[in-house]
Amino acid sequence: MEERKSKVTLHGMWASTYSKRVEIALKLKGVLYEYVEEDLKNKTESLIQLNPVHRKVPLLVHDGKPVAESQVILEYIDETWENSPRLFPEDPYERAQVRFWVSYINQQVFEVMGRVLFQEGEAQAKSVEEARERFKVLEEGLKKHFPNKRIRGNDDVGLLEIIIIATFGSHKASHETIGVEIIDPVNTPTLYNWIERLQELTVMKEVELPRDRLVTFLQKYRQEHLQHAANA
1 MEERKSKVTL HGMWASTYSK RVEIALKLKG VLYEYVEEDL KNKTESLIQL
51 NPVHRKVPLL VHDGKPVAES QVILEYIDET WENSPRLFPE DPYERAQVRF
101 WVSYINQQVF EVMGRVLFQE GEAQAKSVEE ARERFKVLEE GLKKHFPNKR
151 IRGNDDVGLL EIIIIATFGS HKASHETIGV EIIDPVNTPT LYNWIERLQE
201 LTVMKEVELP RDRLVTFLQK YRQEHLQHAA NA
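Sequential numbering from 1 applies to the sequence shown in UniProt numbering.
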């Protein structure tokens, strides 16, 4: 439960993986918060005024103080609400490994997945192969550095698990959208198993994205980008 009474507001967007990361962290910590859904084409004045640099979601407002950027927000949440589960391991080396693989997902894997979604033909095929190579690296990293990982309850969830479920939890919807399967139990068994176990947790079910709605959104988003590229 929440350690002290405070007013917490989260400005987010339902399909944003970055917003979903913050939602999951708040729910894991038992922090009560007000949620403000943002239309990214018509943002609220509050978002613009409180996050004048980036004007993006997610934005956390704690007792009137704004905190921007998902990674910064997650660290702020863990430092402000020190109850379990802690998002970062106590051991310095384990903490370093978590930060490294979170960075790898953010900078390498998420980037190439974006290209897969917004491309077609030979360009997409090339990006798919690159994505599979990067997922192979992630798979080996998870097996090597977190060999004894068990996910049985909320206390087994930290920063890396949050990033994985928020970023890849909807991989089946992505598969349905682009017709390409990259995460599967044969080629990425460790990653696939982590996702399956995380999705069984009640807190994850509370923030789970409706699959049909997400597929429709991704299909529309993809077509808009392809049309824009064709007209460029």
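In short, the hints are calculated from the structure, not lab data. Some hints could be false.
Stated by the list, open to error - Calculated cross-link-like contacts (lysine-lysine; reagent style DSS-like; alpha-carbon spacing at most 25 Å):
#1 K41 / K5
#2 K27 / K7
#3 K205 / K149
#4 K126 / K149
#5 K172 / K27
#6 K43 / K5
#7 K172 / K43
#8 K136 / K149
Non-conforming hints, listed in increasing numerical order: The structure conflicts with hints 1, 4, 6, 7, although it agrees with all the remaining ones.
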